[in-house]
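A.B. asks: Below are the chains, spelled out letter by letter.
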Amino acid sequence: MNLTFSVQDEAFRDEARTWLEAHLVGDFAKLRGRGGLGDMDAFVDERKEWERELAAGGWTCIAWPEEHGGRGASLYEEVIFLEEYARARAPGRAGHIGEGLLGPTVIHFGTAEQQARFLPPIVAGTEFWCQGYSEPNAGSDLANVKTRAEVDGDDWVITGQKVWTSLAEDSEWCFALCRTNADAPKHQGISCLLIPMDQPGIRVVPIQQITGRSEFAEVFFDEARTPRDHVVGPVDGGWKVAMGTLAFERGASTLGQQVGFVRELERVCEVAKQTGAARRPLIRDRIAELWMRLQVMRHNALRTLSAHDTGLRREAFVTKIYWATWHRDLGDLAMDVLGASAALAEPEHADLHALYLWSRSDTIYAGTNQIQRNLIARRALGLPR
Amino acid sequence: MHFGLSEEQRQLQDAVRGFLGTVPTARDVLEGRATADDPSTWQRIASEQAWQAILVPEERGGFGFGLLDLGVVLEELGRALTPVPMLPTAFATVALRAGSGPARDAALQAIAEGAAAACVLDPSCVPGACAAQLLVLGDGSLVEAPVEAVPTLDSTRPAGRVAVAAVAPPPAVAAACEALLAAECVGAAEAVLDMAVDYAKTRQQFGRAIGSFQAIQHKCADVLVMVESARSAVLYALWALDAEAPDARAAAHTAKAMACDAFLHAAGDNIQIHGGIGFTWEHDAHLYFKRARSSHTLLGSPASHRAAVADLVLGVA
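Residue numbers (our numbering), protein chains in the order written: chain A, 1325 to 1709; chain B, 260 to 576.
Excised from the complex, chain A in its bound form:
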């Protein structure tokens, strides 16, 4: 066990912190604390401008290899940047889907031409991406995608529907899983296509959530088109690409996310003191329980990172279900510390209601708790199908 970062890592931390403090000023100052999960529809244009500010400082795509415009940052440098980013309350990243999902996919599976075409605008913050995976009948059963893509001359022609697409209205491009071979077994007839969003064959309809906000959309494809060479990986080989995309997360992001969780728990404690709930033994027990689980969340993450080069071990499967359940429990606790006023919509408690409602999505998106348990049972414990 050695829980100190190296001198070089700490120097990197200083560099990141100093830069963020110097640049989150002027027009960008109002973006602090905005645009994160639950607030992704806020200040989109300003956050895109912020992406270009980050790019100018060399702070986009830091984990990408240098030959693709990144810094080749180590895993710990990535963690440090995400922690400092969260500490500075810098805005939710408008470019996170390009940087975190599509980019690494193109680096791993794409052709040299695709890399040259698509990566530089992501690094520069000039093109934004949305992800077209989920469909009305392909949620947990993702391989059930039905959106069709057929070759017509030099183009793919795409017809179907995607859902739960964040930033759909604000993206230049969508990477979508499409059915390109209806006769093959369902995992073997899918391709990953790169589709321009600004065309007559695409219609975006926002979804209103239980929070009242609209951070996601339905995307309807009606003979939308994209050039035939805009397929990542082999035609009909998109399932492997999709699984690869989901595996590129190296386990760094959860540590940045935890900076926000610490803040949220502190806020609940503060309100508990104001309302007097903090004197009640049952509330104290739950606050202590969540406090302990948050410490453990950090230690689980550090343990997973320390073992990242030895392959996925048991503890790596815990991450998603652990934080999602924690956050949902915090939402419940936030309501209970409010007591009777939980039923009122008082402006000073709007953040707690937002937490309570948003956190219901945490145990659903990116693999429901039930899917996580299936994964743990089969892949970590080796239980049979």
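Treat the hints with care, as some may be off.
[Stated by the list, open to error] Going by beta-carbon spacing under 8 Å, a handful of chain A positions derived as facing chain B:
| no. | residue |
| --- | --- |
| 1 | Gln1332 |
| 2 | Phe1367 |
| 3 | Ser1398 |
| 4 | Tyr1409 |
| 5 | Ile1611 |
| 6 | Glu1613 |
| 7 | Arg1627 |
| 8 | Val1642 |
| 9 | Ile1695 |
| 10 | Ala1701 |
| 11 | Arg1703 |
| 12 | Arg1709 |
[Claimed, not checked] Here chain B is said to cover these stretches of chain A; the calculated rule only asks that three of the stretch's residues, wherever they fall, bring their Cβ under 8 Å from a Cβ of chain B:
| no. | region |
| --- | --- |
| 13 | 1592-1601 |
| 14 | 1616-1626 |
Honestly, the hints are just simulated from the structure, not real lab data.
Every residue gets a Cβ at the ideal spot worked out from N, C-alpha and C, and that includes glycine.
The hints should help you fit chain B onto chain A, whose structure is shown.
C.D. replies: Positioned in the frame of chain A, the structure of chain B alone reads:
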């Protein structure tokens, strides 16, 4: 930055596992083939393995290693449920280490040379008291007092009632004892998880392995989440205590609460997944279930540790 055991600690883990295959088991105790806290087994450990010397400072004849190193040993003892007085001796060593003076120095020397010891934290139930050659109070002072064996729910961990008033240990001593007990609990919790999973893979009902049913899979998955989280909590607490980190006290509360909750939950689910066979005397499931219950109570329940954490986080109510 490295969160996990060192190469040397992994080797120690392997060595402990290997050695434990050569000593009497909890099952041997249950069936009368061996005695819990048997002096000859302890002497073998002391002379061949010297685990009791891990925490003893070098100038007192020990190795001067840390709690994390001893935690590796205790985790394996918990996994195998080996009925030897290592944990009580560790508690006594921790209490002695915190003090000073010739009597304590001599006691540490004696432990390094193989004396079994026990620490009187709760006089009504002192694990290892009957086998102990040295009795230590919470403040590290030595005491001679009558010991009366008491029957225990967990027959593989004998305890005694000691006729002496308790002395509260300093916070660092209490914390170290909690974290060491938590290490034992994590090993035992993982053992029952593995037991349940192995059984679920082989037991057939409705024409298929019961481990293929989501009701069983999700139970096992939840236990894995608890066990791995408890392991992280224990590693951190042992490290934080060795490093005297500012949050070491809270980390020990966390480790004790989470490891005991995980173990009790895992041991209960292990019986449930085994069905009827898990309810029989001849299956080992009940040995772990009883150890889980007694460890839950020893050194304070998880709820009492959460109450202590609440005082740290929110201030005293």
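A.B. asks: Under the criterion of a CB-CB separation shorter than 8 Å, is Arg1627/A in contact with chain B as hinted?
C.D. replies: holds (5 Å)
A.B. asks: At a threshold of 8 Å, is the proposed contact between Phe1367/A and chain B supported by beta-carbon distances?
C.D. replies: violated (34 Å)
A.B. asks: Once the shortest beta carbon distance from Ile1611/A to chain B is found, is it less than 8 Å?
C.D. replies: With a closest approach of 6 Å, the Ile1611/A hint holds.
A.B. asks: Quick check: the region 1592-1601 of chain A, covered by chain B? Criterion 3+ residues, Cβ under 8 Å.
C.D. replies: holds (count 3)
A.B. asks: Arg1703/A was flagged as interface toward chain B. Is the shortest Cβ-Cβ separation under 8 Å?
C.D. replies: violated (10 Å)
A.B. asks: Could you check if Tyr1409/A really has its C-beta closer than 8 Å to a C-beta on chain B?
C.D. replies: violated (19 Å)
A.B. asks: Go through the hint on Arg1709/A and say holds or violated, using the shortest Cβ distance to chain B against 8 Å.
C.D. replies: At about 6 Å, which falls below the 8 Å cut-off, the nearest Cβ of chain B leaves the hint on Arg1709/A intact, so it holds.
A.B. asks: Is the interface hint for Glu1613/A satisfied, with its Cβ closer than 8 Å to some Cβ of chain B?
C.D. replies: holds (6 Å)
A.B. asks: Under 8 Å is the threshold here; is the Cβ of Gln1332/A close enough to any Cβ of chain B for the hint to stand?
C.D. replies: violated (11 Å)
A.B. asks: So, as I understand it, the hint says Ser1398/A touches chain B; can you test that by seeing if any CB pair is closer than 8 Å?
C.D. replies: violated (10 Å)
A.B. asks: Using the nearest Cβ pair, does Ile1695/A come within less than 8 Å of chain B?
C.D. replies: Violated - the Cβ of Ile1695/A stays beyond 8 Å from chain B, reaching only about 11 Å at its closest.
A.B. asks: Holds or violated: the hint that Ala1701/A contacts chain B, with Cβ atoms closer than 8 Å.
C.D. replies: holds (3 Å)
Violated hints, listed in ascending order, are 1, 2, 3, 4, 9 and 11; each of the other numbered hints is respected by the structure.
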